[in-house]
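These protein sequence lines map, in sequence, to chains X and S. Here the first sequence stands for residues 3 to 220, numbered as in this note's numbering. Here the second sequence stands for residues 3 to 220, numbered as in this note's numbering.
Be aware that a few hints might be false.
Claimed, not checked - Sample of chain S residues at the chain X side, in silico, Cβ under 10 Å:
1. F29
2. L46
3. T109
4. E191
Treat the hints as calculated values from the structure; they're not laboratory data. Because the structure is a prediction, the values reported are computed rather than measured. Backbone N, C-alpha and C fix where the C-beta goes; we use that ideal spot for every residue, glycine too.
2 protein chains.
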Amino acid sequence: MRTVSILCLDTSTAKISLALESKNGVFQLSYMGREKHAVRLVPLLDALLKSADSKPKDVDLIGLGIGPGNLTGLRIGISTVMGMASVTGAKVVQLNSLEVISKNVVTERIKVVVRRARSGFVYAQIFDSDSKEPRVYSVEEFREILEGLGDYVLVGDGSNLFEGEVSPEWTWFPTPEVLLQETKNRVSEAVPFTEIEPLYVQKSIAELNLERRRGHGV
Amino acid sequence: MRTVSILCLDTSTAKISLALESKNGVFQLSYMGREKHAVRLVPLLDALLKSADSKPKDVDLIGLGIGPGNLTGLRIGISTVMGMASVTGAKVVQLNSLEVISKNVVTERIKVVVRRARSGFVYAQIFDSDSKEPRVYSVEEFREILEGLGDYVLVGDGSNLFEGEVSPEWTWFPTPEVLLQETKNRVSEAVPFTEIEPLYVQKSIAELNLERRRGHGV
């Protein structure tokens, strides 16, 4: 039996993270810099596949970070995966990008992943005993939530907006290592590319703004 | 002023980890598989530099994992860096590979990094309030040390030889993310390539074997 070949990709943050597990081993590649994801993603993907002596058609399964996060970056990653999978038929494992980030930190404390959304708002998810959904919060609202939370550690590029201990900067972005681990843990959840549903969590911003305009509290 | 360009490299484990920070951004590449480091390292380095549109002569500073770890792998990484630096004059920041591994785990508990050495022995280092040196221990000897240690987490490919909670497998190997972080933290410790001193910690194995042959306890 041929080895299953797995590609992983997250473009929801300033970092492009890629991983490839094939018969030739595990290859991981990432980039963070001033150039747009639209410019960098495809050349990086190409370099990764070349290093592994693989071709896009060899990929059976794709682990895809579906956000929440930077909309433009997300769309580029998701579109690229849809394009590939529409040709090759590869199945897709959808990964919550905030959960992937949370796994960078191995701690007994509550993990709070918090990323900057547009001005005054954050994407955030609290990882404690109940599994809460990723959401958009206003900064003030999330400050109040943290006050009642107990012993937590902040992870992500929105950490510095809040009080509390912050994890090292490298943990703020999805790493290829965790992308691959999570994809392999969730192989049974793979879907055809036509079923990809990004976690834009945008409606909440719209709702918050509407409430704001109407003068309601949040 | 030109941006300082930093290359990082660790070959002390089954994983080859590379990072490059240049004016074009941060690029990270790693490989783990059946092929030897001797076969893979230079092509990976080449792919990394090409992705970043950089050349070896552009590198001002090299962060180098000096072990302890697999001797052959280590020597290949160190020789490659020496070769590059002898031509370019790049300075080298020497990194304890076990310490780099330890930084993958963000926890309040004591971190015990433990890697398989030759049969019956491990390379290990305990990260608690006193800073202990990396050392070679016999498995039995290290078991006794762990018994008196308190609340710890095991990290590394020797973890399963011992009792206790083990960190996720991706944390067992030096990651490009931490290599780069540690190199930047230690820029002031950079030395010329002629002063590179690998942490082979081999003498201890020889000593242990000698004692064993003489019938002494360890």
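Report task. Find the hints from earlier in the document that the structure breaks and name them by number, from lowest to highest. Result -> 4
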